[in-house]
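**Q** Got chain A sorted already, so can you dock chain B onto it with the hints?
Residue strings, one per chain:
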Amino acid sequence: MTVPASANVRQTLLSVENLSIEFGQGPSRKRVVDDLSFHIQPGETLCIAGESGSGKSLSALAIMGLLPKMARLPSGAILYDNQDLLSQSEREMQAIRGQRIGMIFQEPMTSLNPIMRIGDQMMETLKRHRIATGEAAWQRIRAMLDAVKIPKVSERLRQYPHELSGGLRQRVMIAMAMLCSPRILIADEPTTALDVTIQAQILELIRELQQEYDTGVLMITHDMGVVAEMADDVVVMNRGLVEETAPIRTLFSSPAADYTRKLLAAVPRLGTAPPLEERPEKPAVLEVEALNVRYPMRKKSLFEPATEVHAVNDVNFELYEGETLGLVGESGCGKSTTGRALMSMLNFEGSIKVRGRDIRGLKGSALKAVRQDIQMVFQDPFAALNPRKTIAELVGEPLLIHGRGSAEERTAQVAELLGKVGLPEADVMTRYPHQFSGGQRQRICIARSLALNPQIIVADEPVSALDVSVQSQVLDLMEDLQRQYNLSYLFISHDMAVVERLCHRVAVMFGGRIVEIGTRDQVLHNPQHPYTKRLLSAVPIPALDSKRDFRSLLADSQAPDPIRPKGQAIAPSQYDEVARGHWVAIEA
Amino acid sequence: MAVYILRRLAYAVLILLGVSFITYLLLYLIPADPARQLAGRSATPETVANIRAQLGLDLPFYQQYFRYLWDLLQGDLGRSYIQRTEVSALIGSRLVASSELLVWGIGFELLIGISLGVLAALKRNTAVDRALMTLSFVGVSSPHFIASMLFLYLFAVNLDWFPLGGYGTVHHILLPALTLGLLGSGWYSRMVRSSMIEVLQQDFIRTARSKGLTRARVIFRHVLPNAIIPVIPMVAIDIGIFIGGLVVVESVFGWPGLGQLAWQAIQRVDIPVIVGVTMISAVFIVFANLLADLLVPLVDPRINLDKT
Chain A
1 MTVPASANVR
11 QTLLSVENLS
21 IEFGQGPSRK
31 RVVDDLSFHI
41 QPGETLCIAG
51 ESGSGKSLSA
61 LAIMGLLPKM
71 ARLPSGAILY
81 DNQDLLSQSE
91 REMQAIRGQR
101 IGMIFQEPMT
111 SLNPIMRIGD
121 QMMETLKRHR
131 IATGEAAWQR
141 IRAMLDAVKI
151 PKVSERLRQY
161 PHELSGGLRQ
171 RVMIAMAMLC
181 SPRILIADEP
191 TTALDVTIQA
201 QILELIRELQ
211 QEYDTGVLMI
221 THDMGVVAEM
231 ADDVVVMNRG
241 LVEETAPIRT
251 LFSSPAADYT
261 RKLLAAVPRL
271 GTAPPLEERP
281 EKPAVLEVEA
291 LNVRYPMRKK
301 SLFEPATEVH
311 AVNDVNFELY
321 EGETLGLVGE
331 SGCGKSTTGR
341 ALMSMLNFEG
351 SIKVRGRDIR
361 GLKGSALKAV
371 RQDIQMVFQD
381 PFAALNPRKT
391 IAELVGEPLL
401 IHGRGSAEER
411 TAQVAELLGK
421 VGLPEADVMT
431 RYPHQFSGGQ
441 RQRICIARSL
451 ALNPQIIVAD
461 EPVSALDVSV
471 QSQVLDLMED
481 LQRQYNLSYL
491 FISHDMAVVE
501 RLCHRVAVMF
511 GGRIVEIGTR
521 DQVLHNPQHP
531 YTKRLLSAVP
541 IPALDSKRDF
551 RSLLADSQAP
561 DPIRPKGQAI
571 APSQYDEVAR
581 GHWVAIEA
Chain B
1 MAVYILRRLA
11 YAVLILLGVS
21 FITYLLLYLI
31 PADPARQLAG
41 RSATPETVAN
51 IRAQLGLDLP
61 FYQQYFRYLW
71 DLLQGDLGRS
81 YIQRTEVSAL
91 IGSRLVASSE
101 LLVWGIGFEL
111 LIGISLGVLA
121 ALKRNTAVDR
131 ALMTLSFVGV
141 SSPHFIASML
151 FLYLFAVNLD
161 WFPLGGYGTV
171 HHILLPALTL
181 GLLGSGWYSR
191 MVRSSMIEVL
201 QQDFIRTARS
211 KGLTRARVIF
221 RHVLPNAIIP
231 VIPMVAIDIG
241 IFIGGLVVVE
251 SVFGWPGLGQ
261 LAWQAIQRVD
271 IPVIVGVTMI
281 SAVFIVFANL
291 LADLLVPLVD
301 PRINLDKT
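Quick note, the sequences are listed as chains A and B, same order.
The UniProt record's numbering puts the first sequence at residues 1 to 588.
The UniProt record's numbering puts the second sequence at residues 1 to 308.
If we strip away everything but chain A, and leave its shape as in the complex, we get (with noise of 0.2 Å):
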């Protein structure tokens, strides 16, 4: 590895050497992690990148001295202060971690204790390695997360987790982590859970605590966009193995290993698709028409006013045959909501059109027969599938379910849609979900989706859960399916560079509205609505000197409160059609 000319005077603050790690004995033995070296120097960012089965959350974990007892150690030495973390006993790591190497993980949701106060874990911290106590450890915390930026400090001190939303209790985890100015802070995939504004923030806050306090940061991250955004070093890691390791400009201008190009090639990057085919003109096969969707909330006492959550306000669009149209925006914004209410899985307002069919309060065969034309593919392809039926039963299950054939011709047929998503084998039929990878699961669903012939498939996210390798795989597979089938696609995404890749054309949802709507080049490449503007400007792209103006994210945007008195009405949104049907919203 290069060292900055200007690092070589500065000392080494955490070095790896030669690592591996091992689970299993004996035959079953597997390697994980084989030969991995870097060094971290303060105030330097190394990121190791890599898809999942990489190893690189378990060497960060290697570091923490947090690996599960199954798993050995082999060979290597992590060198910190003179030492080597891997002969530390458990009690003298503890008094390193938290102290000295501060960790925040990729799952903000789940990775504080529930049913302690906020305050009540950051001060545990502080405590363990008597940093500070009374009210001098209170002020600490008060700092920390106003370093952070978290508003109202006082109040989130008394708070739950669940009280906050996930880009504020990835803030309390940094700040946590960052309570008693660690040498170094391990992030692993710390915004992968995250909406792309969020997780702007949050890169940005990790880069102004590291100039401020010297740290050196490991970042893990499986996303280019990230890498290319923070690391001033790199390494590529694939099943264990160290592909290369190179200051970032190399990196990108010049990768040396063939894995490291592949990585680089299948990340979708917007701006970079081909240009759209004419399409001719072709008949609406869904239309949507002020659809309304409003949960009730359970009254807290028997006085106070009835309220609802409007999950979707409004919201007005038609799918044309053999088109894609992208729904983008942030988590909570009610694409989701959008997409079940198609499916009649939940109780809405307005018109909804399947072929010119009204769906609405449907019941019975009747929304049977409607089901046959509309299908949908879910996000997580592994909780997606009963774990206990086989793919035969699994694929044959909307066949069986709407009495298509007889067991021989529905058999057949399972082969010939499993052939068609590219899992032609013969054994594929008997076999269990937990035998196949995320993306040969998601073929799977799409088999399943496929099997009654319908016309429109609901994808609600149907790639964010996979590699990106693995992603552009089942994009093609989608693209290849639609003209072959002439099929309609509703593509819920929060992926910009995935959406231009696939859609034909996108509308984006803010607050449960539709702020914009038209043709992707229309909205991606001129956008009009501030929101979509804002959403752009926020997505990571994996070349250099293409750093995101952070800054300008940071000043939150709220949606509008969507909790309103029952029966409030909403004056429907109005549009401006800016250019031949590039529809945004005007406001008020």
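I should point out that these hints are in silico values taken from the structure, not numbers from a laboratory.
Among these hints, one or two may not hold up.
[Stated by the list, open to error] Within a straight-line C-alpha distance of at most 20 Å, the following computed DMTMM-like cross-link-like pairs (lysine to aspartate or glutamate) qualify:
1) Lys566(A) x Glu349(A)
2) Lys353(A) x Asp373(A)
3) Lys368(A) x Asp314(A)
4) Lys566(A) x Asp314(A)
5) Lys69(A) x Glu198(B)
6) Lys262(A) x Asp467(A)
7) Lys363(A) x Glu349(A)
8) Lys533(A) x Glu577(A)
9) Lys533(A) x Glu330(A)
10) Lys69(A) x Asp71(B)
11) Lys123(B) x Glu90(A)
12) Lys69(A) x Asp203(B)
As the structure is a prediction and not an experimental result, all values here were calculated from the model.
**A** What follows is chain B alone, placed relative to chain A:
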């Protein structure tokens, strides 16, 4: 909150109504005749018929039941056939003794169950874990009447550590309470074990460890409080099972409580006493469940009763 409690109280009335009906119906259907019991073996059929009419047992079932219900609404639990005193007075005189045994017994159940559960979870898949779990199985499968006789023989007769029976001092309560506690602790140790193992795998435990907290702090401040949450409603359900055990254990140890009263009443088909004790037990169970449901949100701030 107030809405929630009112709703639950309304349910409680319905439950008690159901319990009274089922108990009354079962006692009506069993082939034992309280009038014959009272009259004795040598009584003439006329005497028996006379007693039956006196007690109102010759009336059709629904009339008997509504008469009972009507009295109940006025707070009258009826009179014992045998002891010729008010059932409410009988229950009142024994309530304290039974409550004492209930509190001590459940206290021991929790103490033994939670400690063994924590130990088993921390030593999971070792010999210690397997031994503890086998033991808990033996405990919950042992019939109360055999176990209490055995303990009585071993600890009171042979070893002479405890008095043979009776009521009054802490010394008297220890053996029956420990018997109940040991036998019932298996439910808790198994539940705490699996709950602990689940919590140990949570992300926030990794966070707690990454802060450098000691093992003891992680276990007692982060794992255990989260693992204990499902145990709270369990205690309320357990009270029902516990009262069943109480009937036997009180009789064996000569504990002057409701269980003993019920035992005597069942033997002599003393219907008002049986129904009275059953109703009081039902009240206990219903209120214990309500209390448990009100307690859970205090431990787990995510649970909001207004949303259930």
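**Q** A separate judgement is required for each hint: does it hold in the structure or not?
**A** Checked hints:
1. Lys566(A) x Glu349(A): Holds, because 14 Å separates the two Cα atoms, which is no more than 20 Å.
2. Lys353(A) x Asp373(A): Distance of about 11 Å is within 20 Å: holds.
3. Lys368(A) x Asp314(A): Violated, at about 26 Å.
4. Lys566(A) x Asp314(A): 16 Å, holds
5. Lys69(A) x Glu198(B): The given pair, whose Cα atoms are some 16 Å apart, holds under the 20 Å limit.
6. Lys262(A) x Asp467(A): Measuring from Cα to Cα gives roughly 12 Å; hence the hint holds.
7. Lys363(A) x Glu349(A): 16 Å, holds
8. Lys533(A) x Glu577(A): This hinted pair holds, its Cα atoms lying about 17 Å apart.
9. Lys533(A) x Glu330(A): Answer holds: Lys533(A) to Glu330(A) is near 13 Å, not above 20 Å.
10. Lys69(A) x Asp71(B): Not OK: Lys69(A) and Asp71(B) at ~66 Å, beyond 20 Å, violated.
11. Lys123(B) x Glu90(A): 18 Å, holds
12. Lys69(A) x Asp203(B): 16 Å, holds
Hints 3 and 10 from the earlier list are contradicted by this structure; the remaining hints agree with it.
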